[in-house]
Amino acid sequence: MDIPYTVERRPDTGLYNGKLGMWLFLASEVMLFGAMFSTYVLLRINATDWPSGPDVLNVPLATLNTLILVSSSFMIVLAWNASKANDYKKFKKFMWITAGLGTLFLVIKFGEYADKIQHDHLPSTSTFYAIYFALTGLHILHLFAGILVCLFHALFSRKLWESKPEQFTNRIEVTAMYWHFVDLVWLIMFPTLYLS
Amino acid sequence: MSSTEQQEAVSSQRTLVIVVAVLALVSAGIGVATGGIPIVAMIIATIQVTIVLYFLMHLKSEKLAMHGLTALCAFFIVFMLAATITAATNTINGTEKLDHTKPVATEEAH
Numbered sequence: 001m002d003i004p005y006t007v008e009r010r011p012d013t014g015l016y017n018g019k020l021g022m023w024l025f026l027a028s029e030v031m032l033f034g035a036m037f038s039t040y041v042l043l044r045i046n047a048t049d050w051p052s053g054p055d056v057l058n059v060p061l062a063t064l065n066t067l068i069l070v071s072s073s074f075m076i077v078l079a080w081n082a083s084k085a086n087d088y089k090k091f092k093k094f095m096w097i098t099a100g101l102g103t104l105f106l107v108i109k110f111g112e113y114a115d116k117i118q119h120d121h122l123p124s125t126s127t128f129y130a131i132y133f134a135l136t137g138l139h140i141l142h143l144f145a146g147i148l149v150c151l152f153h154a155l156f157s158r159k160l161w162e163s164k165p166e167q168f169t170n171r172i173e174v175t176a177m178y179w180h181f182v183d184l185v186w187l188i189m190f191p192t193l194y195l196s
Numbered sequence: 197m198s199s200t201e202q203q204e205a206v207s208s209q210r211t212l213v214i215v216v217a218v219l220a221l222v223s224a225g226i227g228v229a230t231g232g233i234p235i236v237a238m239i240i241a242t243i244q245v246t247i248v249l250y251f252l253m254h255l256k257s258e259k260l261a262m263h264g265l266t267a268l269c270a271f272f273i274v275f276m277l278a279a280t281i282t283a284a285t286n287t288i289n290g291t292e293k294l295d296h297t298k299p300v301a302t303e304e305a306h
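Same order as they appear, the protein sequences are chains A and B. No gaps in the numbering here: position 181 of the first sequence is 181 in the working numbering, and each next residue is one more. No gaps in the numbering here: position 45 of the second sequence is 241 in the working numbering, and each next residue is one more.
In short, the hints are calculated from the structure, not lab data. There could be a bad hint or two in this list.
Here chain A is said to cover these stretches of chain B; the calculated rule only asks that three of the stretch's residues, wherever they fall, bring their Cβ under 8 Å from a Cβ of chain A [as the list claims (entries may be wrong)]: (1) 199-206; (2) 219-225; (3) 241-250.
Below, computed lysine to aspartate or glutamate pairings styled on EDC-like, alpha-carbon distance capped at 20 Å [to be verified]: (4) A:K90 with A:E162; (5) B:K259 with A:E8; (6) B:K256 with A:E162; (7) A:K84 with B:E258; (8) A:K89 with A:D12; (9) A:K90 with B:E204; (10) A:K90 with B:E201; (11) A:K84 with B:E201; (12) B:K259 with A:D12; (13) B:K259 with A:E173; (14) B:K256 with A:E173; (15) A:K90 with A:E166; (16) A:K109 with B:E258.
Here the structure is a predicted model, which is why all the values come from computation and not from measurement. Cβ coordinates follow ideal geometry from the N, Cα and C atoms, glycine included.
So that you can see chain A by itself, here it is in the shape it has in the complex:
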């Protein structure tokens, strides 16, 4: 028996199963990050002394990371377009570039972490560093998961592309949605932590 609406859209929601599931998952992610940002606000309001982001964090590196993540978002759009055009070689290339840019983001972020740890700026140092490591750490976990999914598609998706191309394209679209969400969270995190 075939599962309905894996490819065609449901008439009521206008979405196929995977996409509806992803929207609901992202809604739950909003709750998670929303709680974290609320914690940040609560800590900041109650703090007697709160450092200015540009004074204690590396803004040029974070800006570079923002540009890398935004570029990776465009790369995954190109990968999705290539999958729609049935160009598997191009799809694979853009998927690798997306995963590569994500990894570059992580490398830069870990460099930043190393610098903080070297200067004894640990989560236990102050509430600012506690929430800084918690928020960016949670984001890193999400990005890492996204990289793994991209690598999975780049390495093991040929069979699905050959047998069920429409389902394959839908999977890439859903992956792209998740990747854009991770990008979106960073776009909020960047000014919150680094520029205020």
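Position chain B relative to chain A; hints supplied.
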């Protein structure tokens, strides 16, 4: 979708990604130059998020139900932040701000 339409879609998405990147640079520039103005940075971030959500995540082409879900999420965030700020500043009905530095009252020894 035809090849030409696809090319146009990619071209418009490229433009939007460039806009998001330029806004990030502007935000960083203002942040460094002024030492950080949260309001300006958050307004720019909101514009960026709207672009990503509507055009890259294709929310604009979804049915009303998905717009409702997004609105619910936005309401949740705003409500939670407002509740946090209100509770932290403790301005409900003009009550005074809590003094967190005071030690917790202990039972007097008999």
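Going through the hints against the structure:
Coverage of the segment 199-206 of chain B by chain A holds in this model, with 4 residues showing a Cβ closer than 8 Å to a Cβ of that chain against a need of three. Here the segment 219-225 of chain B counts 4 residues with a CB under 8 Å from a CB of chain A, which clears the bar of 3, and the coverage holds. A stretch counts as covered by a chain when three or more of its residues have a beta carbon under 8 Å from one of that chain; for the segment 241-250 of chain B and chain A the count is 5, and the coverage holds. Our distance criterion of 20 Å between C-alpha atoms is met by K90 of chain A and E162 of chain A, whose separation comes to about 15 Å.
For the proposed pair K259 of chain B and E8 of chain A, the alpha carbon gap of about 15 Å is at most 20 Å, so the pair holds. A threshold of 20 Å between alpha carbons decides the hint, and for K256 of chain B with E162 of chain A the separation of about 31 Å lies outside it, so the pair is violated. About 19 Å separates the Cα atoms of K84 of chain A and E258 of chain B, which keeps this hinted pair within 20 Å; it holds. Under the criterion of a C-alpha separation no larger than 20 Å, the hint pairing K89 of chain A with D12 of chain A is inconsistent with the structure, at around 36 Å.
This hinted pair checks out: K90 of chain A and E204 of chain B have alpha carbons roughly 18 Å apart, not beyond 20 Å. Distance hint between K90 of chain A and E201 of chain B is fulfilled; the C-alpha atoms sit about 18 Å from each other, no more than 20 Å. At most 20 Å may separate the alpha-carbon atoms for a hinted pair to count; K84 of chain A and E201 of chain B meet this at roughly 12 Å. With a C-alpha separation of about 9 Å, the suggested pair K259 of chain B and D12 of chain A falls inside the 20 Å cut-off, and the hint holds.
For the given pair, K259 of chain B sits about 17 Å from E173 of chain A by alpha-carbon distance, which is consistent with the 20 Å threshold. Restraint check: the Cα-Cα separation between K256 of chain B and E173 of chain A comes to about 15 Å, which is no more than 20 Å; the hinted pair holds. Restraint check for K90 of chain A and E166 of chain A: satisfied, since their Cα atoms lie roughly 17 Å apart, inside the 20 Å limit. Of the supplied pair hints, the one linking K109 of chain A and E258 of chain B is violated, its CA atoms being roughly 34 Å apart against a limit of 20 Å.
Hints 6, 8, 16 from the earlier list are contradicted by this structure; the remaining hints agree with it.
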